[in-house]
Amino acid sequence: DGGITQSPKYLFRKEGQNVTLSCEQNLNHDAMYWYRQDPGQGLRLIYYSQIVNDFQKGDIAEGYSVSREKKESFPLTVTSAQKNPTAFYLCASTASGSKYEQFFGPGTRLTVL
Amino acid sequence: DAKTTQPTSMDCAEGRAANLPCNHSTISGNEYVYWYRQIHSQGPQYIIHGLKNNETNEMASLIITEDRKSSTLILPHATLRDTAVYYCIVRVDKKLTFGTGTRLTIIP
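Each protein sequence line maps, in turn, to chains A and B.
Residue numbering for the first sequence is 1 to 113, as defined by the numbering used here.
Residue numbering for the second sequence is 1001 to 1108, as defined by the numbering used here.
Rather than coming from a laboratory, the hints here were simulated on the basis of the structure.
Note that the structure is predicted; figures quoted are calculated from it, not measured.
Accuracy of the hints is not assured; some may be wrong.
Stated by the list, open to error - Simulated crosslink set (DSBU-like; lysine-lysine; CA at most 30 Å straight-line):
hint	chain 1	residue 1	chain 2	residue 2
1	A	9	A	70
2	A	9	B	1069
3	A	57	A	9
4	B	1069	B	1094
5	A	99	B	1095
6	A	71	B	1052
7	B	1069	B	1095
8	B	1052	B	1095
9	A	71	B	1069
10	A	83	A	99
11	A	9	A	83
12	A	57	B	1094
13	B	1094	A	99
14	A	70	A	57
15	B	1095	B	1003
16	A	70	A	99
17	B	1069	B	1052
18	A	70	B	1094
19	A	83	B	1095
20	A	83	B	1003
21	B	1052	A	9
22	B	1094	B	1003
23	B	1095	A	70
24	A	9	B	1094
Generate the whole structure from the sequences, applying the supplied hints.
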């Protein structure tokens, strides 16, 4: 089945530790996105990548880093510089073309203790 | 960026049509309107999108006013599984900006 996978579903880390969230897609999509969602809020864009080896900051990139070494993978690192890292993180991808439908993964809920 | 305004919450009886309004008065001529929904603790799901004309697919219908300043998403026969947060989004370039959406509750 084609789709987007994010692992793990729940992640716990101690304050001050960096943590990397996984996002993999087998849809052959060019563009990939990372969003953050806080309780009762909409999604906010962290980073996005239109093509391998290229990515752009979204609206809330501070304290996060990404890489795009392979088309199917777009990992997100939450660094110790991120002041409030506890949140629900969602990865998405989209194919090129006019429809521009974003497909979302199931999300990772990160809790920093 | 074009902003959207949606009611915070709505109820609809099961089996009836759910009509979700959205205002986007600052939309530009080449910007599309997208609708997504998010069921609790899951990733958002694409529903439909449009530019000027009304659109229909297997999930819903999208009615866009002639001046494009507002739109309505119609779920023709709402079921309990349609309970979710519905986001109306104006796509700018290659990015979607999600607001807080409308929490739609389908009442049995």
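Here is how each hint holds up against the structure:
Among the hinted pairs, residue 9/A with residue 70/A is consistent with the structure: their alpha-carbon atoms are about 22 Å apart, no more than 30 Å. For the hint linking residue 9/A to residue 1069/B, the alpha-carbon distance of about 39 Å lies beyond 30 Å, and the restraint is violated. Restraint check: the Cα-Cα separation between residue 57/A and residue 9/A comes to about 24 Å, which is no more than 30 Å; the hinted pair holds. Proximity of residue 1069/B to residue 1094/B is assessed by CA-CA distance (about 21 Å); at most 30 Å being required, the pair is judged to hold.
For the hint linking residue 99/A to residue 1095/B, the alpha-carbon distance of about 13 Å falls within 30 Å, and the restraint holds. In summary, the hint linking residue 71/A to residue 1052/B is not supported, as the alpha carbons are separated by about 33 Å, beyond the 30 Å threshold. As the CA atoms of residue 1069/B and residue 1095/B are separated by approximately 20 Å, the hinted pair is consistent with the 30 Å bound. For the proposed pair residue 1052/B and residue 1095/B, the alpha carbon gap of about 19 Å is at most 30 Å, so the pair holds.
For the hint linking residue 71/A to residue 1069/B, the alpha-carbon distance of about 37 Å lies beyond 30 Å, and the restraint is violated. Between the alpha carbons of residue 83/A and residue 99/A the distance comes to roughly 36 Å, so the proposed pair goes past 30 Å and is violated. At most 30 Å may separate the alpha-carbon atoms for a hinted pair to count; residue 9/A and residue 83/A meet this at roughly 22 Å. Straight-line distance between C-alpha atoms of residue 57/A and residue 1094/B comes to about 13 Å, which keeps the hinted pair within the 30 Å bound.
Between residue 1094/B and residue 99/A the CA atoms are separated by roughly 11 Å; this keeps the pair inside 30 Å, and the hint holds. With a C-alpha separation of about 18 Å, the suggested pair residue 70/A and residue 57/A falls inside the 30 Å cut-off, and the hint holds. Restraint check for residue 1095/B and residue 1003/B: the C-alpha separation of about 13 Å stays at or below 30 Å, so the hint holds. With a C-alpha separation of about 24 Å, the suggested pair residue 70/A and residue 99/A falls inside the 30 Å cut-off, and the hint holds.
Only pairs whose Cα atoms come within 30 Å are accepted, and residue 1069/B paired with residue 1052/B is accepted, the gap being roughly 10 Å. Among the hinted pairs, residue 70/A with residue 1094/B is consistent with the structure: their alpha-carbon atoms are about 20 Å apart, no more than 30 Å. Our distance criterion of 30 Å between C-alpha atoms is met by residue 83/A and residue 1095/B, whose separation comes to about 25 Å. A distance of roughly 27 Å separates the Cα atoms of residue 83/A and residue 1003/B; the hinted pair therefore holds under the 30 Å criterion.
For the given pair, residue 1052/B sits about 39 Å from residue 9/A by alpha-carbon distance, which is inconsistent with the 30 Å threshold. Between residue 1094/B and residue 1003/B the CA atoms are separated by roughly 16 Å; this keeps the pair inside 30 Å, and the hint holds. For the suggested pair residue 1095/B and residue 70/A, the alpha carbons sit about 21 Å apart, so the restraint of at most 30 Å is met. A threshold of 30 Å between alpha carbons decides the hint, and for residue 9/A with residue 1094/B the separation of about 27 Å falls inside it, so the pair holds.
Against the hints set out earlier in the document, violations occur for numbers 2, 6, 9, 10, 21.
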